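Asker: If you want the building blocks of each chain, they are given just below.
Number of protein chains: 2
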Amino acid sequence: MALPREFPPLSAEQVVGSTCTRLAGLGSEIRRMFLLGEERRRERPGSKLIDLSLGNPDLEPPEAVLKALIEVASEVLPGAHRYMDNAGYPEVRAFIGRSLSHTEGVLLGENNVFLTCGAAGGIQILMRVLLDPGDEVVLFAPYFSEYVPYSVNMGAKPVTVPTDDAHLPHPHALEAALTPSTRLVILNSPNNPSGVVYPRATCEALFEVLRRHRERTGRVVHVLSDEPYANLIFKPSDYVPLLPLYDALWVVRSHSKDLGLAGERIGYLAWGKALEGASTLGALRNAARSMGFVNAPALMQRLLPKVFDARVDTGVYAERVRAFCDILAAGGVSCVRPGGTFFVFPKSPVLDDRAFSQALLEKGVLVVPGSGFGKPGYVRCSLSRPLEEVKEAANIYVLAYKAMQKEADKLF
Amino acid sequence: MALPREFPPLSAEQVVGSTCTRLAGLGSEIRRMFLLGEERRRERPGSKLIDLSLGNPDLEPPEAVLKALIEVASEVLPGAHRYMDNAGYPEVRAFIGRSLSHTEGVLLGENNVFLTCGAAGGIQILMRVLLDPGDEVVLFAPYFSEYVPYSVNMGAKPVTVPTDDAHLPHPHALEAALTPSTRLVILNSPNNPSGVVYPRATCEALFEVLRRHRERTGRVVHVLSDEPYANLIFKPSDYVPLLPLYDALWVVRSHSKDLGLAGERIGYLAWGKALEGASTLGALRNAARSMGFVNAPALMQRLLPKVFDARVDTGVYAERVRAFCDILAAGGVSCVRPGGTFFVFPKSPVLDDRAFSQALLEKGVLVVPGSGFGKPGYVRCSLSRPLEEVKEAANIYVLAYKAMQKEADKLF
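So the protein sequences, as listed, match chains A and B.
Counted the way the numbering used here counts, the first sequence spans residues 47 to 458.
Counted the way the numbering used here counts, the second sequence spans residues 47 to 458.
Quick caveat, the hints were computed from the structure, so don't treat them as lab data.
Nothing false has been slipped in among the hints.
Pairs count within a copy or across copies, as identical chains cannot be separated in the list.
No farther apart than 20 Å at their CA atoms in a straight line, the calculated lysine to aspartate or glutamate pairs in the DMTMM-like style are these:
#1 203 to 178
#2 409 to 398
#3 319 to 52
#4 352 to 137
#5 319 to 59
#6 452 to 408
#7 448 to 408
#8 281 to 150
#9 393 to 455
Because the structure is a prediction, the values reported are computed rather than measured.
Could you put together the complete structure from these sequences and hints?
Answerer: See below:
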């Protein structure tokens, strides 16, 4: 049998399945802008580009986290790097449960917490537990774009529900979107891309719609509260703990942003008493195994209890957001002031947010069109750059906005 | 709106979808034995139980690994814990590519390596790239039981192909199993659960079948070589590098076993030149994002180049395997001698391997029935216990085997 020393190349069609190709086409707006940015960097190597496109926070982990990391890495514990319960170390889960009991207003213990490979891993294993093909997942636009491929990956159907000018969801809009196939509603507050924190009344009104839907139809709609920015709220009292407000509620948290550990993949799911007996832990374990997650990284699990109250300096983000919004406001650009995160989601001068993003790129600022988050006519600015660059970008924004507005006005 | 202070419990039917319930029923043999073991520990708290059920290796990471872990945790590098390319750090991928070039016999670089959350994560993202619903995945029994839920999670169909008494696959058996829907064949050598290392001739014959199938039908069948035990081969020259032998070949590795880092979730995918141009990196990035993996843990990525040649002491496993097989052979129990791993897959005295496993449990040894790995009439013994316990278990095995054989003989 003769063996070729070098094989001729296979084609993309021979390798990539149609499901993966479909996934690749979803939520690709950030990637598209990234590539446009790369192109510009190549074509104009000297020219400045302020990159506000990626949600990769620039603050380093707090000193306490770096110190604790060396501590856990230095611990000599037999079995410390072996497999453990797919749900995570029981003592870490118990610690997180106890800590959350203070902030969430419900009593949580080790059977209410599942450690995950970041919030993304948590969302996917929860979806694996809840969703069957054809189920509908309600997303309030603007939404974190990855919710779309996450849903499609389960064979589920994302359903977009619009929000108002303040980027807040309304109960009647949710009600209109509910069908017999609705299985999950995702809330994301503080919100990526808008930075908006949903007030308590908004959440309560949404839950009331779901309760009435259940009474009418007998169908339980679950709610996933995706909270990677919960500790990046500028006024901490704005935080609304949702577990006491609805029974079929799942909280997912990550320490990618508040501890600056995005690359380390550590987060967790938490749920209240009503979900405790429903084979929940077992089902999540099966999902984590079947999807190949197995368990959250052992070392990061052991780190968490040591640094649970540590935070990156939210003031840095708050200052950038304030400065950016001040310049926009002074320039007459409409922008909802974020209550947290490092994102701002101002108006585009024209509905065609891709055209405006292109114009901004030509002036040296890279943003992501709101279309990528289900809400055209806006752009997302990720203020993960130093204050001076943020201010410079805001000034460029105002100029580009006015120029394009003038152009648009001419057409009428 | 009155809010209940405590919600009544939801039922499992209101929480767990039918897909997850189906996944939970797959590959549950190990879990079933684990629960039987727990039950026995509760019921007879004093009595000894030698647990050979779990594939959780008991050897600690080598000293060099523990030392390097402290080093990388202590490094002060800006951005060291942030998101990076979904494929992993380019310099780590380049390092792994260079290192594999020596052992695999093909030239690999950073565009031939994708870092993953363990081998499990690697298998799932590769399946997400390759598989569409209805595609068939060929497994040679005995197979690692998780391949079944991994395939079903993609909507694909696992197809079991039997092996011979030496647990080796045969080309005609593969040929008989191929259909127009066959998309992927999984090879796992050294094998879990049998410990058998597939010889070169076996692999070449299988590839030849796939090449003829392609010539006849135009359809490319991919091969995944799952190699978490590649560095736990007792005679290293037994290792057969497969990349030079077939074009549509993917290698997946993990450091769960050879570095004792199972809980830390670090592994990688590697592929040759023929797959390089086929949008491969991009498709894998999309899969890793869509499935919520995002990237392999940053710290463990940075650890790898520092410890790439470190190994747990394979001699420890080899000695246990030898001792166990010697005692079985002396007792007249048929058992293929493993060429690697810490697994042994001896004959059950009766086809009903669950009955024999139950009998062994009653005598104080916990194993997993071969039925859980697609090959009834055998049991898997995971020798992740000290040598003395392994010997004790082997002696109990022989006694239980003979007792049940005697019982079975009486029936005829």
